[in-house]
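First to last, the sequence lines map onto chains Z and E.
In this text, residue positions in the first sequence follow my numbering: the first is 1, and each later residue adds one.
In this text, residue positions in the second sequence follow my numbering: the first is 1001, and each later residue adds one.
Calculated from the structure, these hints are not laboratory results.
Ideal placement from N, C-alpha and C gives every residue a C-beta, glycine not left out.
Among the hints, a few may not be true.
Distance condition first, Cα-Cα at most 20 Å in a straight line; then the derived PhoX-like pairs of lysine-lysine [as the list claims (entries may be wrong)]: (1) K1138/E <-> K1109/E; (2) K371/Z <-> K1127/E; (3) K1138/E <-> K1127/E; (4) K1201/E <-> K371/Z; (5) K1201/E <-> K1138/E.
Computed far set for chain Z versus chain E, every beta-carbon distance over 10 Å [claimed, not checked]: (6) L9; (7) V17; (8) L242; (9) V375; (10) A381.
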Amino acid sequence: MGDNIRAGLISGIAFGVIIIITSLIGFFGTVSALLGEFLFDPKTQPAALYSLVLILALLGLWAGIRAAKPVGTDRWSGALVSGAVAGLSTGLFVGIYTLIIGGFNARGLDIRGYLAQMSPDAIRFLLFQLPPATAALSYFLLFTTTGLAGGFLAKTLGRGRLKKANQQLKSKITELWESTSVAVWLSKFPYTQYIVYGAIIILALLLPISLGQYWNFTLGTVGVYVLMGLGINIVVGMAGLLDLGYVAFFAVGAYTVGLLTSPQQLSQFQIDFWPAAFLAIVIAAITGIILGFPVLRLRGDYLAIVTLGFGEIIRILVRSDLLSDFTGGPQGVRQIDGPSLFGISLTNDRAYLYMIILAIMLAIFVTIRFKDSRVGRAWVAMREDETVSQAMGINTYTTKLLAFAVGAAFAGLGGVLFASRNQYIGPEDANLLVSINVLAVVIVGGMGSIPGVFLGAFVLKGLPEIMRQLQDYRILAFGALLVVMMIVRPEGLWPSQRRRLEMHEEELPLEELEETEAIGALEAALEESTK
Amino acid sequence: MKNTLETRALTKRFGGLVAVNKVDLVVPENSIVSVIGPNGAGKTTFFNCITGFYLPEEGDVLFEGSSIVGLTPDRISALGISRTYQNIRLFSNMATIENILVGQHPRLKSTWPEAVLHTRRQREEEKAALDEARRLLKFVGLSGLGDHLARNLPYGAQRRLEVARALASQPKLLLLDEPTAGMNIQETAEMIRFIQMLREKLGITILLIEHDMRVVMSISDQVSVLDYGEKIAEGTPTEIQNNPRVIEAYLGRGAATGLQQAEVKTT
């Protein structure tokens, strides 16, 4: 019984504190408003209020389940006590909090100076439009009942039962999949992968036409991140060189194309977009090599710090007074020219999306070719154990420089497309957060995985665009997502698949190895192979 | 007979500590030479000097007659010296067969533009490399395990994979650092047989660091003993077994005379 009470208290206090903090930053108000539009009819019902109660009730349930699950789910009394204690303590905490903010409001104190989201209206909403004492009591009752219900749920569902149901569902799905002849035929059909590729290409071709300007622009931004993600995938994912200043190469590409095509700076050197883009990519790659030289001998954390510094140096350089005649200083470079082909200007968002998709396809093509080659294997070997890879005959210097150069070229290409689409590039487009975002794209998607980059870029750059109302909580959600990811799925959302190389008819399970380890078997293998 | 490897007064210091002190060693072609010695005698440091990870302060290392001191490890590997490690160091998150493919790196010639363009030469080279890797898998008895991650293999299999990876570059000289460490009697016997096979079937010269006396005595043509970085004895296994200085180094002062007395008593 003591254990149950303790578990309930821990869960209850944790949930209480989390609810109070998220409420203080105005999270409940925004989310309720958003959810209300989906679930209820705002014209006839107080939709936001309903969804607020719904969210709170679900949180209470969760607190109850969480408290009851680890201890005493085998006995009714234990589960219910845990759930009830969790609900009571959460209710007590949040109730007192409600009383306090309600009290402020009743006295006409404005606390927006300290907590920007806590306007009198928002507080009234959190109090269910009730007087403080009544609101506190209803919070208390709400959490107590839902906590108790959570304990009840935890007992009825039980951990074992949930797991069992899950397994049954899974085996049923695989059974269904295996039993359908279409699936078998598809998996055996040698052209399936080409059909999938074809479908993706057709989708990529149709997507920009079918979408409006806003979506073309948004997807273009996501696409630039995909491009950079593919680049950093080579540097960090494959070669294992933790580069925190990746945005520098993006900036080099963007500024090069800006300086060469904008009439503002260096007008005597103004050239056409295509040669400028080509030059920009080459210069970005060379910058990658220049960065590579001093850090050749650095490993791990030291490399991360030095590259971080490099990224900042580039940003500070382009905004400095020293180069402001050249780079425009903090104002950046404007009037960057766009591409044209056969006299047709390609400067609308749709044309840019097409170009970005093409660039991504090129990057994927290059990545795959590298991955399955001697160089790609050398990168991965270097990531696994640099010393041993050198002893295996890999020249780690040139191999590292190549990784930096290829990664930088991808980022440079991203920079070229980004700058010419926006017709502008400024120092703030190249801040540290971009490097971190790109790295997060790869981590969330799955290190070294190409589909993972798409998924990661969409989750981190696309979803915030879709949920504009939640923009204020982007960093919060971002941090929470990263933490949850690292705990639940450290390999990323879509981890990379290894190519099967040995192509044996049937793979030997590891347990059977003991038999082959017998001397006789080994010698037989030796004799046979040396014949 | 030609000498595959020769060290002349090889010396390596770490600050005041002399880890390897004027060691002369000759490894004739197609022989198995062992280096033994107590813990901390400088055996692994000696290996690191040969493979280019340490730069020796004095002395010379001759491989097939020419000096290799000052070359980077990858150049030395490309010349035909391959090694394994005392504590297995595989590329653990790569597939078994990929480990062997990496081992072939210095033999493969295709460059990155060729890889991107998938030229005919690159395709043929990759195919040949894959075939060779499968053959090596079979050679060390790991057929059917090629697509498992290296870290998931059992201990004995990891040791054999490390040897296969070292063989993939088709070395002339193979340095094995305690190849039977942590193995049971059966696995050790298997490894001894395997090392002999390497010399007989592939004609590879082998330099071996070993603790297990059974292994050293059963396969070595010649044994050198290191103690505190110095070579204190050299000779055939039987000569070494009866050398009082060696017994002293292993068992402490006085042990040699004690052992001899014990032998007298029993006979």
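For this session: Compute the least Cβ-Cβ separation between A381/Z and chain E, then decide whether it is above 10 Å.
Result: Violated, because the least Cβ-Cβ distance between A381/Z and chain E comes to about 4 Å, which does not exceed 10 Å.
Once the closest CB in chain E is found, is it more than 10 Å from V17/Z? Check passes; 39 Å lies beyond 10 Å.
Q.
Checking one constraint from the list: CA of K1138/E to CA of K1109/E, max 20 Å. Satisfied?
A. violated (24 Å)
Q: Compare the distance between the alpha carbons of K1201/E and K371/Z with 20 Å, and conclude whether the hinted pair is satisfied.
A: Distance of about 34 Å is beyond 20 Å: violated.
Requested in this report: Decide, holds or violated, for the assertion that all CB atoms of chain E are farther than 10 Å from the CB of L242/Z.
Outcome: Consistent with the label, L242/Z stays out of reach of chain E, its closest Cβ about 16 Å off (over 10 Å).
| query | Is K1138/E close enough to K1127/E, meaning Cα to Cα at most 20 Å? | reply | At roughly 17 Å apart (the allowed maximum being 20 Å), K1127/E and K1138/E satisfy the hint.
Exercise for the section: May I ask you to check that V375/Z keeps its beta-carbon over 10 Å from the closest beta-carbon of chain E? Expected result: Violated, because the least Cβ-Cβ distance between V375/Z and chain E comes to about 5 Å, which does not exceed 10 Å.
Is the Cβ of L9/Z farther than 10 Å from every Cβ of chain E?
holds (42 Å)
Given hint K1127/E paired with K371/Z - CA-CA distance at most 20 Å: Holds. K371/Z to K1127/E sits at ~15 Å (cutoff 20 Å).
- K1201/E and K1138/E: Cα distance at most 20 Å? Given that 20 Å is the threshold and the Cα spacing comes to 15 Å, the pair holds.
Hints 1, 4, 9, 10, counting from the list given before, are not met by this structure.
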